[in-house]
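Generate the whole structure from the sequences, applying the supplied hints.
Protein chains: 2
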Amino acid sequence: MSKVLIIGAGGVGRVVASKCADNPEVFTEIMLASRTLSKCEAIAREVGKGRIQTAQVNADNVAEVVALINRFKPGLVINVALPYQDLPIMDACLETGVNYLDTANYEPKEEAKFEYSWQWAYHDRFKEKGIMAVLGCGFDPGVTSIYTAYAAKHHFDEMHALDIVDCNAGDHGKAFATNFNPEINIREITQKGKYWENGKWVETEPHEIKKVLNYPEIGPRDSYLIFHEELESLVKNFPTLKRARFWMTFGQEYLTHLRVIQNIGMARIDPVKYKGVDVIPLEFLKYVLPDPGELGENYVGETSIGCRIKGIKDGQEKTYYVWNNCSHEKAYEETGTQAVSYTTGVPAMLGAMMVLTGKWNGKGVFNVEQFDPDPFMEKIGEYGLPWNEAVNVDLEL
Amino acid sequence: MSKVLIIGAGGVGRVVASKCADNPEVFTEIMLASRTLSKCEAIAREVGKGRIQTAQVNADNVAEVVALINRFKPGLVINVALPYQDLPIMDACLETGVNYLDTANYEPKEEAKFEYSWQWAYHDRFKEKGIMAVLGCGFDPGVTSIYTAYAAKHHFDEMHALDIVDCNAGDHGKAFATNFNPEINIREITQKGKYWENGKWVETEPHEIKKVLNYPEIGPRDSYLIFHEELESLVKNFPTLKRARFWMTFGQEYLTHLRVIQNIGMARIDPVKYKGVDVIPLEFLKYVLPDPGELGENYVGETSIGCRIKGIKDGQEKTYYVWNNCSHEKAYEETGTQAVSYTTGVPAMLGAMMVLTGKWNGKGVFNVEQFDPDPFMEKIGEYGLPWNEAVNVDLEL
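For the record, the sequence lines run as chains A and B.
The opening residue of the first sequence carries number 1 in the numbering used here; numbering runs sequentially from there.
The opening residue of the second sequence carries number 1 in the numbering used here; numbering runs sequentially from there.
Derived from the structure by calculation, the hints contain no laboratory data.
Please note that the accuracy of each hint is not assured.
No copy labels: a pair is met if it fits in one copy or bridges any two.
25 Å max Cα-Cα, derived SDA-like pairs, lysine to any residue [to be verified]:
no., residue 1, residue 2
1, Lys379, Arg51
2, Lys275, Ala42
3, Lys39, Tyr274
4, Lys174, Leu255
5, Lys192, Ile209
6, Lys174, Lys273
7, Lys109, Thr28
Structure follows, in structure tokens:
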């Protein structure tokens, strides 16, 4: 059907590349590009089934991305590089008239915002150009947003309360490691908490609100209210929501490590002079912490991510819980990465498939809950992330 | 009597400079030099009583130090720069025939050893040149070594067991900070423990051995067995010691911070590539942690450091405890630094006085316990570090 260009050769890039290579009927040609060519080559060799071409590209540089797009002529660019690179890659897509899909919102380097404003501002230009940008098509955001759209379509007349619950009950055997880019991860989880209630955002101190929630096949885990980017688009696209929150599990040791990292100044994102060189502490931390890409081999246990929703159906109060559990071991066996990368990469591949097969269409910039969830929900289990649902259970929230 | 050159303008350099300036009858001219001239100028202005000259010098560079010595022609160089710089400064003293005094043993950058071998190897050359080097004349090593010599001279026929106990019961109000150069401090306290017993060194895991010890005017504190450099020279110079140990107090929060700093790789002393630049994680930490020189203002509480000794006197078993308590507030009031710098700088000044007045003499390289302790013990109280003693008390050890 079409050629696809994947930019980014971390754990998620590996999963996307592997999954695209499994589906030649849609992805007729695949190009994997990143700053470090050798990473692309390793992925192509290890999980490419002989179907992946590679290229070197600096995704901060619009001209380089434009040149690569013009050379390869893809039908879609899947951006699984760093969030800082969303805008230059969108600029390159605009310039060349090619569709765009990513898994995480754009972040400026100098402040941690986790908001869509910069990317939503591209809507009119994408529309005029006659192309589409699909934002946030990983697991969360991504599948959680599609779960919510599916719930709205099939289970509720009116949704009132949404709680996205994200549990990683895996154990990688390291004293401390982050499951994806530590810089992005730590920026995300050390920020203030924020949730939507009665038409406005309520801010909390970091990790101020905690509940013990039970996760299927896992059991009770300390879960903390944090802000997560899909809340911003979901409350906009589902305006009946009176409350929307996001919960993530953290163990005590993990939080202790985070607290110390902040106390000692290593979570700072402003440059610090070291022998005449500007070093950004949080960015430097990435070079001493374990590489998330290498956690896979000894990672045991499961993730469990889902949506717990309350609302009204046929005049009755109703609760609905839809979730996926994903095994770190199985993810590693299939793609050589752990479940956190796997659960992000599989939806990106399927989202790309939705775009290239015309199941999702439109001109402009979209969040995934704006599309029909059904064709995605039909297929996502088959590609490795089966979902479960329960109706009128105690949501604990 | 003589001119003195002080190299190093951190907290200890500030105290040494201030104390030398108070004693013009011995220190007729004072030159304070460091890599950063502005630090020397600030000290001269704030505590120099109009008596301190300043100069810029890179103490890693023997030729620069030689040139400065030849220009200023001091009778003694007091080295309170970094431990890495002990050898180049000793080389410069050898070349120019000038006496040398320091407060901490030489450390190679690439490994944490805390041993005197490199400096002791200079003995013959200093002897031939007809000059002396006084090693470790701060508080510990320094005063603790002189306390031990004093005990040997006046209280024991034979010393059997020595426990040096170092308590900092101060509170600087920060989540985490080190009391002196974080790089040196963390290297010291994250290494394995080691103590002397029955003629050999016994190694322990870091912080493996803990006791609750009572400190005068402070009370009980968790105290951990660590290795400290003066043990090496003391067991050599007092060969009747069957056991020699060093104890330091740490709070739980402090140890948690240390543990995390190690877990996340920030205690590493090997270079890590960051954007093409070699960054040494532990060295970088210094630039994000609070500057120890700036802890003084809000530092409350006391330090208590002393020697607890068991042995034989006149055929009877005897115990002896000699110690100093030093107030962070009083130290700050007098010199603008906290007690950890104060207790290091005052003995360095007094040791320099001992050398320049001929009370301590010899040709070669010496640890301070090799000199007559009496003239030092007579004066140290007057200069701000009075000592207390107790005989035949329970040493708890």
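We went through each hint and held it up to the structure:
no. : hint             : in the structure
1   : Lys379 to Arg51  : within (22 Å within a copy, 83 Å between copies)
2   : Lys275 to Ala42  : between (35 Å within a copy, 22 Å between copies)
3   : Lys39 to Tyr274  : between (29 Å within a copy, 18 Å between copies)
4   : Lys174 to Leu255 : both (14 Å within a copy, 19 Å between copies)
5   : Lys192 to Ile209 : within (11 Å within a copy, 40 Å between copies)
6   : Lys174 to Lys273 : between (30 Å within a copy, 22 Å between copies)
7   : Lys109 to Thr28  : neither (35 Å within a copy, 55 Å between copies)
When the structure is compared with the earlier hints, a violation turns up for hint 7 alone.
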